[in-house]
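For chain A, the structure is supplied; the task is to place chain B on it using the hints.
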Amino acid sequence: MKYAFFPGCTVLGRGRNYEMSARAVSSALGIELVDIDDFECCGFPLKSVHYEAYFLMAARNILTAEEKGLNICTLCSACTGSLTEVNKHLNANFDERAKIVAQLKKGGIELKIGKPVKVKHLVKILYEEVGLEKIEKVVKKKLSNFSLAPHYGCHYLKPSDIYEPAEDPENPKSLEELITVTGARVINYSEKLKCCGAGILAINEDTAYSLTRLKLKELSKDSADALVLMCPFCSVMYDDNQKKIEQKFQEQYNLPVLYYPQVLGLAMGLEPKTLGLQMNRVSTRALLEKIK
Amino acid sequence: MSELDPKFKYRVAREPGGEKIKLCFACGICTASCPIREIDERYNPRKIIRMILLGMKKRVLENDFIWFCSSCYACTERCPQGVRFTDVMNAIKNIAVKEGYVPWAFVQQIEILKKHGRLYEIDEFDNNKRSALGLPRIAKAKGFTQKIMELTGIDKITKR
Chain A
1 MKYAFFPGCT VLGRGRNYEM SARAVSSALG IELVDIDDFE CCGFPLKSVH
51 YEAYFLMAAR NILTAEEKGL NICTLCSACT GSLTEVNKHL NANFDERAKI
101 VAQLKKGGIE LKIGKPVKVK HLVKILYEEV GLEKIEKVVK KKLSNFSLAP
151 HYGCHYLKPS DIYEPAEDPE NPKSLEELIT VTGARVINYS EKLKCCGAGI
201 LAINEDTAYS LTRLKLKELS KDSADALVLM CPFCSVMYDD NQKKIEQKFQ
251 EQYNLPVLYY PQVLGLAMGL EPKTLGLQMN RVSTRALLEK IK
Chain B
1 MSELDPKFKY RVAREPGGEK IKLCFACGIC TASCPIREID ERYNPRKIIR
51 MILLGMKKRV LENDFIWFCS SCYACTERCP QGVRFTDVMN AIKNIAVKEG
101 YVPWAFVQQI EILKKHGRLY EIDEFDNNKR SALGLPRIAK AKGFTQKIME
151 LTGIDKITKR
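Chains as they are written, first to last, in my numbering: chain A, 1 to 292; chain B, 1 to 160.
Next up, chain A with everything else stripped away, as it sits in the complex:
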């Protein structure tokens, strides 16, 4: 299994722990991630201000992978959404590629037309391509002492009609099943499908943090040992900003936030340092004591 690796801006800037664990787990499972120097921003940040720029940015990244003949593996759910949406459009209108290539050429970007590729989030690659059975075989240290709360986020599931196969966005199960296979207990909770609020952080900080707070508040009362997610933007909200939200609302959550590859890596018996767990903002020390 070989993929063009698309970590995205936020992972490179703020999610080294995610990147480390993603690379470690992929390598152990035989997923080869090829670094592509020509990848730049997926276009998502510009979708709401300039659709054409968004579309061309996403298309250029996709055409770059097509030129190399590699499917794309993403880590960020927002990148996954943009690249999947534009890829779906390109695949439904194959001949549009020539127009896009000509347009990009006018701007000084040279690309050759290749064969269509797939775009997939790493967690979906684990779930759909590697499969639970194979993952179960590499689990060496069952995390039976862990109670983990899944956070799917938005773009990993929605809009569901761009994904193939699509998961029911009202009742998803991939992350729950992937957690269960590590031996951990899954916590079900009422705010499970809530948005993290990152989408409006730059516009309206108060509303964004109020949204983030909903999950933190519910789970701190519950018996969750950690929140498990797979999007760097969500992690910025729940992990990086957790202290800030605690201060703002005069509450204490103390809820560790882990990327799914970190959880899987621990269950595979990989060293916490290899998985970047020392870089998670909310301390994971007490959590790690539980597997000793």
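No incorrect hints appear here.
So these bits of chain B aren't anywhere near chain A, every CB distance computed over 10 Å:
#  : residue
1  : E3
2  : L4
3  : D5
4  : K7
5  : E19
6  : L23
7  : I29
8  : N44
9  : R46
10 : K47
11 : M51
12 : L61
13 : E62
14 : N63
15 : P80
16 : G100
In silico lysine to any residue, SDA-like type, Cα no more than 25 Å apart, as pairs:
#  : chain 1 : residue 1 : chain 2 : residue 2
17 : A       : K2        : B       : A139
18 : B       : K9        : A       : E52
19 : A       : K106      : B       : A141
20 : B       : K115      : A       : R16
21 : B       : K20       : A       : E96
For the record, the hints were derived by calculation from the structure and aren't laboratory data.
Every residue gets a Cβ at the ideal spot worked out from N, C-alpha and C, and that includes glycine.
Okay, now just chain B, sitting in the frame of chain A:
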């Protein structure tokens, strides 16, 4: 009444993402599903759709609330008419930008993307940190993003 622009809904429908706006039959499930609405009552998807369909162009475009959508797609999934309100909001925001309304946060993002090709600059300090952690170094962006911005004229937005 003179403030109303009856053609506004057609303009929204011509914008990518806005195509299905006229299908709305005002059931309100978008508002009921919206996590932003739950926190801030000023943001009301159903009301925004009504305002668009009634032609309240200026009141919609100049209002801060159009920037409050978190792009979670909860409304889009549940809409019985397939209006795709998240995409409608992107259409509205695209129109607002063309009319000169651009929040400062986006001006900053455009500048950063133009300069670095990514939302965060990966400099020598970051690359040294990456090497120490066993991660490959990240090459400087080759300017593709900047070229696309110049090609599409998005860089002019920040100069207004």
